[in-house]
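**Student:** Protein sequence lines correspond, in order, to chains H and V.
Per the working numbering: the first sequence = residues 1 to 169.
Per the working numbering: the second sequence = residues 170 to 732.
These are calculated hints, taken from the structure and not from any lab test.
Hints should not be assumed to be uniformly reliable.
Mimicking EDC-like on lysine to aspartate or glutamate, the simulated pairs with C-alpha atoms at most 16 angstroms apart in a straight line are [unchecked claim]:
1. V:K487 x V:D611
2. H:K137 x V:D611
3. H:K134 x V:D203
4. V:K334 x H:D89
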Amino acid sequence: MAQLIKHGTATVDTWKTLEIAEGETPESVALPTGDVIFPLAVWQARKAEIISCHKRIGLLIQPDERVEDVAADLDYFVVIAISFPKFVDGRGYSTASLLRQRYKYQGELRAVGDVLHDQLFYMRRVGFNSYALKDGKNVAVAVEAGFSPFSDAYQASTTQPQPYFRRRA
Amino acid sequence: MYKYDAIDRQLINERVAQFRDQVRRWKAGELTDDEFRPLRLQNGLYIQRHAPMFRIAVPYAMMNSAQMRTLAHVARKYDRGYGHFTTRHNLQLNWPKVEDVPEILAELAEVEMHAIQTSGNCMRNITTDQFAGVAADEVIDPRPLAEILRQWTTFHPEFAFLPRKFKIAISGTRDDRAVTWFHDIGLQLQEQNGETGFRVIVGGGLGRTPIRGQIVREFLPWQHILTYCEAILRVYNRQGRRDNAYKARIKILVQALGVEAFAQLVEDEWAHGKDGPATLTQAEFDRVAAHFTAPAYEKPSTSDAGLAEKLATEKSFKNWVDRSTHPHKVPGYTAVTLSLKKHGIAPGDITSDQMGIVADLADQYSFGELRISHEQNIILADVKLSDLYALWQKAKAAGLATPNTGLLTGIICCPGGDFCDLANAKSIPIANAIQARFDNLDYLFDIGEIDLNISGCMNACGHHHVGHIGVLGVDKNDSEFYQVTLGGRQGNDAKLGKVIGPSFAADEMPDVVDKIIKVYIESRHPDERFLDTFDRIGIDPFKNRVYEGRAHGKAKAAQKEAA
Numbered sequence: 001m002a003q004l005i006k007h008g009t010a011t012v013d014t015w016k017t018l019e020i021a022e023g024e025t026p027e028s029v030a031l032p033t034g035d036v037i038f039p040l041a042v043w044q045a046r047k048a049e050i051i052s053c054h055k056r057i058g059l060l061i062q063p064d065e066r067v068e069d070v071a072a073d074l075d076y077f078v079v080i081a082i083s084f085p086k087f088v089d090g091r092g093y094s095t096a097s098l099l100r101q102r103y104k105y106q107g108e109l110r111a112v113g114d115v116l117h118d119q120l121f122y123m124r125r126v127g128f129n130s131y132a133l134k135d136g137k138n139v140a141v142a143v144e145a146g147f148s149p150f151s152d153a154y155q156a157s158t159t160q161p162q163p164y165f166r167r168r169a
Numbered sequence: 170m171y172k173y174d175a176i177d178r179q180l181i182n183e184r185v186a187q188f189r190d191q192v193r194r195w196k197a198g199e200l201t202d203d204e205f206r207p208l209r210l211q212n213g214l215y216i217q218r219h220a221p222m223f224r225i226a227v228p229y230a231m232m233n234s235a236q237m238r239t240l241a242h243v244a245r246k247y248d249r250g251y252g253h254f255t256t257r258h259n260l261q262l263n264w265p266k267v268e269d270v271p272e273i274l275a276e277l278a279e280v281e282m283h284a285i286q287t288s289g290n291c292m293r294n295i296t297t298d299q300f301a302g303v304a305a306d307e308v309i310d311p312r313p314l315a316e317i318l319r320q321w322t323t324f325h326p327e328f329a330f331l332p333r334k335f336k337i338a339i340s341g342t343r344d345d346r347a348v349t350w351f352h353d354i355g356l357q358l359q360e361q362n363g364e365t366g367f368r369v370i371v372g373g374g375l376g377r378t379p380i381r382g383q384i385v386r387e388f389l390p391w392q393h394i395l396t397y398c399e400a401i402l403r404v405y406n407r408q409g410r411r412d413n414a415y416k417a418r419i420k421i422l423v424q425a426l427g428v429e430a431f432a433q434l435v436e437d438e439w440a441h442g443k444d445g446p447a448t449l450t451q452a453e454f455d456r457v458a459a460h461f462t463a464p465a466y467e468k469p470s471t472s473d474a475g476l477a478e479k480l481a482t483e484k485s486f487k488n489w490v491d492r493s494t495h496p497h498k499v500p501g502y503t504a505v506t507l508s509l510k511k512h513g514i515a516p517g518d519i520t521s522d523q524m525g526i527v528a529d530l531a532d533q534y535s536f537g538e539l540r541i542s543h544e545q546n547i548i549l550a551d552v553k554l555s556d557l558y559a560l561w562q563k564a565k566a567a568g569l570a571t572p573n574t575g576l577l578t579g580i581i582c583c584p585g586g587d588f589c590d591l592a593n594a595k596s597i598p599i600a601n602a603i604q605a606r607f608d609n610l611d612y613l614f615d616i617g618e619i620d621l622n623i624s625g626c627m628n629a630c631g632h633h634h635v636g637h638i639g640v641l642g643v644d645k646n647d648s649e650f651y652q653v654t655l656g657g658r659q660g661n662d663a664k665l666g667k668v669i670g671p672s673f674a675a676d677e678m679p680d681v682v683d684k685i686i687k688v689y690i691e692s693r694h695p696d697e698r699f700l701d702t703f704d705r706i707g708i709d710p711f712k713n714r715v716y717e718g719r720a721h722g723k724a725k726a727a728q729k730e731a732a
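Please construct the entire structure, taking both the sequences and the accompanying hints into account.
**Tutor:** Laid out in structure tokens, this is it:
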């Protein structure tokens, strides 16, 4: 099970992610109880049902899925997980930026999948605030060093809306 | 030129520490090869045929003498005493050890140099005109905006893992010398109704699928350049193909959508970021521009220190001046090209000793600054006309005054199969064989202006598509062959060359070039350059001569069958 980094520390993940097995469809898959992160397709197919029986709802967005399609629903989600099937697939950084900057999503934004030490700095800047570090990686070292290789940055981003040139003394 | 302030220095020092730690974790097995690869590439480090290859950035071509001396030093200390200037304002070392790279980076950081994003699927080094700031035909000096773009591209959090590499070129002259039509984004500075802005070209590129870029916005006021580029990059990051590396460049996306639909997506995206905090301020522009003020030019003296007489009496000096100087906007000054195209040497290669000499020459004759051209030469941008003779003598003694800039043997050439893992064929030996064939300077001058560009594979690092004569190494049944194109060109009318026919073996190449040149010599009108003659008579006369007596097509098939 992936190790979750949240609030600057390793923590226990209380959420489970619904996976659609072979032969199942978003329409047919059984909805588990508890704190569940639902794939976007399941959310779209079963929205009313999910809302009626879940107090806390999570959403999973894949790289090729459009945040625009759920922009009106963001108030329902306690956590949104953005999937990085491979760490070199950078689409999730744009998804995160859009969620935070354009759609003003305020809840937990979680990076899941191939989440590694050396990308944490960029992930934090686009607006992630929890990170399911890949299995087998040293979570203590990642917490200590992964977020702070650089003390500042030139660009505007979610965590620093003013670019450096507007902050120069 | 731009001097780092506290934040610039801090960031590159932190980059050194970060990479040192990444190398350590990789050696310790904490990072797998696959995990380390993109990290080292974003620091310019390839693992190559013989050894790692390490690519150091020379942002928008500008260097000072201290930086050149440091390059000489690191090439001597960590490599074999030489380096290779590329077509995109970089210096490559061919033989460093991976373990030494953190130390090299630390030494480079001392003189405000780095290898940030010189490779990998990210925004690369910004390139521009090698005569920026001094060219007589310049409308706007592109360097302040190039530096602003350098900072914006450096460690951009959203665009570090793009579908593919991303190259931006910026130009501010009437004559485009930055190949802006063949970059992922080409920016042409211009003035409209007293306002400064950019023509924005997107989706150009050489490589496997050469495509001329298309205009997505005819005029963008300069203040909006960062927000507009953000919009382009966001559209590309989200929609660019990631299933096939050969179809992942932005040019493929622009082609697939059509430029109008693409431009509309960008405009829609930009509507959200326009006028936001990333909009540039006059204060920031002025702060950066203050680094690029003109040096203390002297008033032109009434005496030319014997220049006219020397030009009249020393033909070899005159030849060099004719080929190696470029008009300067200040009277009494000229921009000098030091050729890295000495016959028999790999084009773009320079030894540590030569780097030291170049640094001295820059100090003595050009305010301590120099540039790297995409033609892989060195430029001293601010040389007094009265210093030309002394400079020529010193450059000549150092092997840096071959008067072949813009001529047939001033070849643009990638490292090719001798060094590069991607190459299908060697390129340097082809360049050297052609240089050997055309070793007569009088003949070279008689042939006149011609760009011969050689790439060892379709990735086109040697820009073969835009050579008047382009040579592309191809692999046929595990043998090296060379395909020839004619009529390509850079500049305002940039276009791709046309393939003349079936490819040739390496040892045929000097003859092939010889025949092409002979057709030109026989057909040219007075004052016609190669390209003019080509445009007038078309490709057929060249094709007929080159393939004369050679079996090809059906005849070749028949010959094969008979054998």
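**Student:** Any hints this thing doesn't respect? Which numbers, in order?
**Tutor:** 2
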